[in-house]
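S.K.: Add 155 to the 1-based position in the sequence shown for our numbering, that's all there is to it.
To be clear, the hints were calculated from the coordinates, so they are not data collected in a lab.
Please note that the accuracy of each hint is not assured.
[What the hints assert, rightly or not] When the alpha-carbon atoms are kept at most 30 Å apart in a straight line, the in silico DSS-like pairs for lysine-lysine are as follows: (1) K206 x K191; (2) K206 x K219; (3) K191 x K203; (4) K219 x K203; (5) K201 x K191.
[Stated by the list, open to error] Computed Cβ-Cβ distance ranges for the label pairs, DEER-style: (6) K201 x S229: 22 to 28 Å; (7) Y270 x G300: 24 to 30 Å; (8) N360 x G266: 36 to 42 Å; (9) S267 x E161: 41 to 47 Å; (10) P329 x A269: 29 to 35 Å; (11) D205 x A238: 28 to 34 Å; (12) I172 x V218: 50 to 56 Å; (13) G261 x D328: 36 to 42 Å; (14) N175 x S229: 53 to 59 Å; (15) V218 x F247: 15 to 21 Å.
The beta carbon of each residue, even a glycine, is placed where N, CA and C say it ideally should be.
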Amino acid sequence: MTRMPEFPRWEDEIELISRNERVSGGLDGVANRPLKSLINRTRYLKEKADKSEEQAAEKVSAVKTFAEGATLGSPRDEILYGAYRLVWTGNFPKTVPAGSTPQGTGGVGAGSWAYTSDAIIRQTLTSDEGQLLIGSPLHMEDLRGIYPGVSCRIKTLGAMWPHDGGAGEWWFDPSDMSELVSTYPRLFIAPTIDPSGVSGAWRLNMGGDVTLSAFGVGISTELPAVMTALDAGIINPDIFLLENSG
156 MTRMPEFPRW EDEIELISRN ERVSGGLDGV ANRPLKSLIN RTRYLKEKAD
206 KSEEQAAEKV SAVKTFAEGA TLGSPRDEIL YGAYRLVWTG NFPKTVPAGS
256 TPQGTGGVGA GSWAYTSDAI IRQTLTSDEG QLLIGSPLHM EDLRGIYPGV
306 SCRIKTLGAM WPHDGGAGEW WFDPSDMSEL VSTYPRLFIA PTIDPSGVSG
356 AWRLNMGGDV TLSAFGVGIS TELPAVMTAL DAGIINPDIF LLENSG
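Generate the whole structure from the sequences, applying the supplied hints.
M.R.: So this is what it looks like as C-alpha cells:
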C-alpha cells in the first residue's frame with residue numbers, strides 16, 4: 156500500500172476509466188487517475204477554507220485599541236475606538252500612541268482611517284443629519300412606517316400630501332406614548348410596528364413657531380384641526396405661536 160501524494164490544485168475535469176482501458180494500479184495507474192484528481196481538488200478546497208477561516212478570525216478578533224495604543228502591520232489589522240472598528244489605509248507600519256484618537260492620528264478618509272462597522276452610520280442616522288441619508292417622508296402618515304427605536308429628528312414635506320403648506324419637524328420619543336397617541340393622534344404618531352405607542356411615537360417639534368397647516372387647517376375640515384391645535388397649546392407650553400400659513 157502506497158500513500159497517495161496530494162497537490163492543492165483545481166482539477167477542471169474528473170476522468171473516468173473507459174471500457175477499453177487496461178486497469179493498472181500504482182501512483183500513475185489508470186485505476187487511481189480519478190482518485191488523484193479528487194484528492195487534489197479536496198486539498199485545494201481545504202486550503203481555501205482554512206485561509207478564509209483565518210482571515211475571518213483575524214477580522215473578528217480586533218483586540219487592539221486606541222486607548223492602549225498599538226502598531227498595525229496591514230489593512231486587515233482592526234483597532235477599536237470605543238464602539239467603532241477602524242482600519243488604516245495608508246502606509247505601514249502604523250503606530251497608534253496610547254490614548255490617541257482617529258482624528259489625531261491621521262483623520263478619517265482616503266489614505267487614512269476607515270470605519271469597518273456600521274456603528275458610525277447608525278449614529279449618523281439618529282443625528283440631525285441622518286435625514287440627509289434617507290430623505291424626507293412625504294406627509295404625516297409616512298411617519299408610521301419609520302421606527303428608529305431611539306430619539307431622532309425628521310422633517311415631513313407636508314401634512315396631508317407633499318408641499319401642502321403643512322411641512323413640520325418631528326422627533327421620535329422612545330418612551331411610552333400610548334396615552335398621548337390615543338388622545339392626540341394628529342400630534343403623536345405611533346409607528347405601525349407598535350400602533351399603541353407603548354414603544355414610542357413621533358411627536359411634532361413644539362420648540363418654535365408652529366403653523367396651523369401642520370395640523371391640517373386649510374387642508375382638511377377646519378374645526379377638528381383647530382381643536383387639535385388648541386389642545387396642543389394646552390398640553391405643551393413650549394408652543395408660543397400658532398399662525399395660519401395659508
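S.K.: Against each hint, give a clear statement of whether it holds in the structure.
M.R.: Tested hints:
| no. | hint | result |
| --- | --- | --- |
| 1 | K206 x K191 | 23 Å, holds |
| 2 | K206 x K219 | 22 Å, holds |
| 3 | K191 x K203 | 19 Å, holds |
| 4 | K219 x K203 | 27 Å, holds |
| 5 | K201 x K191 | 15 Å, holds |
| 6 | K201 x S229: 22 to 28 Å | 24 Å, holds |
| 7 | Y270 x G300: 24 to 30 Å | 28 Å, holds |
| 8 | N360 x G266: 36 to 42 Å | 40 Å, holds |
| 9 | S267 x E161: 41 to 47 Å | 44 Å, holds |
| 10 | P329 x A269: 29 to 35 Å | 31 Å, holds |
| 11 | D205 x A238: 28 to 34 Å | 31 Å, holds |
| 12 | I172 x V218: 50 to 56 Å | 53 Å, holds |
| 13 | G261 x D328: 36 to 42 Å | 39 Å, holds |
| 14 | N175 x S229: 53 to 59 Å | 55 Å, holds |
| 15 | V218 x F247: 15 to 21 Å | 18 Å, holds |
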